[in-house]
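Trainee: With the hints as constraints, model all of the structure from the sequences given.
Taken in order, these protein sequences are the chains called S and L. With my numbering applied, the first sequence covers 8 to 503. With my numbering applied, the second sequence covers 39 to 206.
Do not take every clue at face value.
Said to hold, decoys possible - Pair ranges (Cβ atoms, derived):
| no. | chain 1 | residue 1 | chain 2 | residue 2 | range |
| --- | --- | --- | --- | --- | --- |
| 1 | L | 188 | S | 34 | 55 to 61 angstroms |
| 2 | L | 82 | S | 200 | 30 to 36 angstroms |
| 3 | L | 113 | S | 61 | 52 to 58 angstroms |
To be clear, the hints were calculated from the coordinates, so they are not data collected in a lab. Heads up, the beta-carbon is just placed ideally off N, CA and C, and yes, glycines get one too.
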Amino acid sequence: MDSRRITIEPITRLEGHGKIEIFLDGQGRVERAYFQVPELRGFEKFAQGRPAEDMPQITSRICGVCPTAHHMASTKALDALYQVTPPPAARKIRELVYSTFYVEDHALHFYFLGGPDFVVGPQAPAAERNVLGVIAKVGIETGRKVIAMRRKLRELMVLAAGKAVHPVFGLPGGVAKPLTAEDAARFREVAGEAVDFACFTLGVFERIVLQNSSYVDLILSDAYTHRTYYMGMVDEKNQVNFYDGMLRVVAPDGHEWARFKPDRYLDYIGERVEPWSYMKFCYLKGLGWKGFSEGAESGVYCVAPLARLNVADGMATPQAHEAYLKYHGTLRGRPVHHTLANHWARVVEMLYAAERMLELAHDPELTSPDVRTLPAAVPREGVGVVEAPRGTLFHHYKTDERGIVTGANLIVATQNNAARIAMSVEKAAKKLIAGGQVPEGLLNMVEMAFRAYDPCLGCATHSLPGSMPLLVQVRDPRGAPLAVLRRDSDGSIHRE
Amino acid sequence: MEASTENESGVVRLLGLGNEILADDAFGILVAHEVERRFQGRIEVAYSSAAGFDLMDHLLGARRLLVVDTIVTGRAKPGAISVFTADRVQPAPGGSPHFLGLFEVLAVGRKLGLDVPKETIVIAVEASDSTTVGGPIHPDVQSAIPEVVELVGEFLANGSLDDPGPLA
Chain S
8 MDSRRITIEP
18 ITRLEGHGKI
28 EIFLDGQGRV
38 ERAYFQVPEL
48 RGFEKFAQGR
58 PAEDMPQITS
68 RICGVCPTAH
78 HMASTKALDA
88 LYQVTPPPAA
98 RKIRELVYST
108 FYVEDHALHF
118 YFLGGPDFVV
128 GPQAPAAERN
138 VLGVIAKVGI
148 ETGRKVIAMR
158 RKLRELMVLA
168 AGKAVHPVFG
178 LPGGVAKPLT
188 AEDAARFREV
198 AGEAVDFACF
208 TLGVFERIVL
218 QNSSYVDLIL
228 SDAYTHRTYY
238 MGMVDEKNQV
248 NFYDGMLRVV
258 APDGHEWARF
268 KPDRYLDYIG
278 ERVEPWSYMK
288 FCYLKGLGWK
298 GFSEGAESGV
308 YCVAPLARLN
318 VADGMATPQA
328 HEAYLKYHGT
338 LRGRPVHHTL
348 ANHWARVVEM
358 LYAAERMLEL
368 AHDPELTSPD
378 VRTLPAAVPR
388 EGVGVVEAPR
398 GTLFHHYKTD
408 ERGIVTGANL
418 IVATQNNAAR
428 IAMSVEKAAK
438 KLIAGGQVPE
448 GLLNMVEMAF
458 RAYDPCLGCA
468 THSLPGSMPL
478 LVQVRDPRGA
488 PLAVLRRDSD
498 GSIHRE
Chain L
39 MEASTENESG
49 VVRLLGLGNE
59 ILADDAFGIL
69 VAHEVERRFQ
79 GRIEVAYSSA
89 AGFDLMDHLL
99 GARRLLVVDT
109 IVTGRAKPGA
119 ISVFTADRVQ
129 PAPGGSPHFL
139 GLFEVLAVGR
149 KLGLDVPKET
159 IVIAVEASDS
169 TTVGGPIHPD
179 VQSAIPEVVE
189 LVGEFLANGS
199 LDDPGPLA
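Mentor: Pasting the structure below:
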């Protein structure tokens, strides 16, 4: 078959990673599309032979974007490995730090990162779809408010976790140091401000997005809708929990398909390698891999804010629960299948994280000096799972009896979402490509499709070149380029 | 307070970006360590493995900033050095919403009136591999370390750096 190949790749330090490839059939129609998740090579080999206790530091260093999530998942994996339960105060300190991290991460995401698509708007010229466009839309005062909030949250992280960027406080069976009464008082003060800030942000969302019918139409549009399964962590009442709980999976019609302890993940999640890609696609084992398809028969599922609000019966805090009800009410019930609703779900979660921070900061047990249960058991194997801001994150280590790592497995959020991302890219491409013609609008539509998932493209990229032009390459079956469509960092589009 | 308007401190800072456990990505960190050793007291040195908005913390409070990092243009040999000023790069939406680069963070800081550097010069070295955890550093990238340290010395002596032209 005459199969032609289109490649869209960001020109970053991670060349060859995080790129989109589109295969055309003999008639020049889109046959298949996929998004290549950047994968760090060699992690397992690097981990082997190292003490398991080093893993929370090592894994938090491999990702420059959400080190706190890796640190937390890794620390929980060590609890399991050494079969220790942290004392209540340690558990609360961990969840407090994690909630603080969530408020910051979700706030930055909403305002500065997702903003180019949502706050500025998908129809805006490419040259305005950047952080400066976001500030122009929300106002400089709001921008300053975000920065001030961030600074206070990060000061709290340093107070409790030693470092804001790469926390050093998680230990098997607890945390490195207790919180003082002064620390707790500062947490209470900032948590109160964080709740106000999250409510303010919900208001911004309503004003800019919900009151604009073209945005709402876009959220509900078929182009960004897939009826798949969803997975996320819930507490005993099936409410969202980021730090600990059971993993719940709901079917496309919303019924509970599975609810399991995270350490049983291998019974539920399979990884499929496609011959044309080095990446792995996660799927639900009980349903099996039925290709890149949606519906109740397909094992494709997704994670992240949209999924978490779909699997949960509610939020554990009052104001967030109210926001949850409004979200599902407006989007016509549960589950919500519209990928772009992730942006709204994120703001609801930010309010939950802030309220949870406030609850924990008022807990008298928080300042107990008892923050460590010393490990005594012989280590063998441990799984640690948390909800990272971008979705469920799995850390799994095997060790010898001295605690030296013999095997390690990580599933990051984007791997869970990989199949659905591929489906979204394909949908966008199919709408635009006909007879082998590749229109310029493809770049924006396809980019919107994968940006909605907030893929972990940032893993290992730090700063340069800072701008990310896109390149579409149309190739013949032998791989020779037929045409190139390039969008530069200033938004201009060129054909070569 | 972050939201001051003008920075008159005169602080000159070098910011090494990268990750010591990711092969060539160690470059910026290794240069920062060497600069700290060689030019102690003459330049403030910072380093970071963070991405996105976290970079803001390293931009505030310096009047002039030298950033050392790796780059993959795919159009130059590993170890090739590029020097350019930050104002030559435009902010872009990026391939992922949570990817926010140095230049976007600078632009945000400037727009919000934060205390970001008046001048930012980037020294970038072409990398061959920045994604192998625990991977070796390419010999040509390794040998660019003393060259870049010399460039920093030149900057400290002359107060400027020649821009050798467009990005490789």
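Trainee: Could you check the structure against the hints above and give me the numbers of any it violates, in ascending order?
Mentor: 3
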